[in-house]
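J.: Sequence:
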Amino acid sequence: MFSLQSYTDQALLQMLNEGSNTAFEQIYLRYWKDCYNAAYKVLQDDAACMDVMQDVFVWLWENKQKVQPNNLKAYLLTAVKFKMLNVIRHNKINKAAIEHFKNSGASCSFIENSVELKELKLMLNQFIESLPPRAAQIFNLSRNGQLSNKEIAQRMHLSEKTVKNQIHISLKKLKSALGNLSCWAVFSCNQPRA
Numbered sequence: 001m002f003s004l005q006s007y008t009d010q011a012l013l014q015m016l017n018e019g020s021n022t023a024f025e026q027i028y029l030r031y032w033k034d035c036y037n038a039a040y041k042v043l044q045d046d047a048a049c050m051d052v053m054q055d056v057f058v059w060l061w062e063n064k065q066k067v068q069p070n071n072l073k074a075y076l077l078t079a080v081k082f083k084m085l086n087v088i089r090h091n092k093i094n095k096a097a098i099e100h101f102k103n104s105g106a107s108c109s110f111i112e113n114s115v116e117l118k119e120l121k122l123m124l125n126q127f128i129e130s131l132p133p134r135a136a137q138i139f140n141l142s143r144n145g146q147l148s149n150k151e152i153a154q155r156m157h158l159s160e161k162t163v164k165n166q167i168h169i170s171l172k173k174l175k176s177a178l179g180n181l182s183c184w185a186v187f188s189c190n191q192p193r194a
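The opening residue of the sequence shown carries number 1 in full-length UniProt numbering; numbering runs sequentially from there.
Since the hints were derived computationally from the structure, they do not count as laboratory data.
Careful: at least some of the hints might be erroneous.
Listed next, the in silico DSBU-like pairs over lysine-lysine satisfying Cα-Cα at most 30 angstroms (straight line) [said to hold, decoys possible]: (1) K172 - K73; (2) K150 - K164; (3) K173 - K73; (4) K161 - K172; (5) K41 - K73; (6) K64 - K173; (7) K73 - K33; (8) K64 - K172; (9) K150 - K173; (10) K172 - K150; (11) K173 - K161; (12) K150 - K66; (13) K150 - K161; (14) K41 - K64; (15) K66 - K161; (16) K33 - K66; (17) K33 - K64.
Please read all numbers here as calculations on a predicted model, not as lab measurements.
Make a model of the complete structure from these sequences and hints.
T.: Okay, here's the thing in structure tokens:
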């Protein structure tokens, strides 16, 4: 049987982009254990970890034609982190796991020099550059500048409703652009109140 074990991640991604089941299986075999272990360290719940794994790899398959990370392992581990945040946010794990997550130093923000953060920042910057200028400015003021909708409206001479709508539309586009990774969770964790 044909084996892809010696293929680089980039070669596997190229094959995956073309719809190769074999490449997908190799990526899964190569990284499932790292992803599972990362999830288990925080969630301490096998069923929740398996749900996270399923979500991440189903998303990878469904979005195979547009996934182009520079570092596949970092990309998958970042996806796992965001899925874990969703699990925690939706109270799908017990309080002990939440305490473990808090005590481990994990939070909505990642270590500034981590590979995962760099990869995420690159994706987010590309997304922001794709927005119309006014939408990009509102998004930046809200998420990076930590300004409230009212403060943005005053600064840009717009109504609060316009600002709120622009942010909603941008977050919807971001979620769509990043698929079900829910990377937008980073922005909703520390977002200022309207």
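J.: Are K150 and K173 close enough, with their CA atoms no more than 30 angstroms apart?
T.: 22 angstroms, holds
J.: Has the given pair, K64 with K173, been kept, meaning a C-alpha gap of at most 30 angstroms?
T.: 19 angstroms, holds
J.: Between K173 and K161, is the straight-line Cα distance small enough, at 30 angstroms or below?
T.: This hinted pair holds, its Cα atoms lying about 18 angstroms apart.
J.: Is K41 within 30 angstroms of K64, Cα to Cα?
T.: 28 angstroms, holds
J.: Given the hinted pair K66 and K161, is their Cα-Cα distance within 30 angstroms?
T.: Violated: K66 and K161 sit about 33 angstroms apart, past 30 angstroms.
J.: Measure nothing beyond the straight line between the CA atoms of K33 and K64; if it is 30 angstroms or shorter, mark the hint as holding.
T.: 20 angstroms, holds
J.: Against the 30 angstroms threshold, does the CA-CA distance of K173 and K73 hold or violate the hint?
T.: This hinted pair holds, its Cα atoms lying about 25 angstroms apart.
J.: Are the Cα positions of K161 and K172 separated by 30 angstroms at most?
T.: 16 angstroms, holds
J.: For the pair supplied as a hint, K150 and K164, confirm whether the alpha-carbon distance does not exceed 30 angstroms.
T.: Answer holds: K150 to K164 is near 9 angstroms, not above 30 angstroms.
J.: Under the criterion that the straight-line Cα-Cα distance not exceed 30 angstroms, is the pair K33, K66 satisfied?
T.: The given pair, whose Cα atoms are some 24 angstroms apart, holds under the 30 angstroms limit.
J.: Verify the proposed pairing of K172 with K150, using a straight-line Cα cut of 30 angstroms.
T.: 21 angstroms, holds
J.: Checking one constraint from the list: CA of K150 to CA of K161, max 30 angstroms. Satisfied?
T.: 9 angstroms, holds
When the structure is compared with the earlier hints, violations turn up for hints 12, 15 and for no others.
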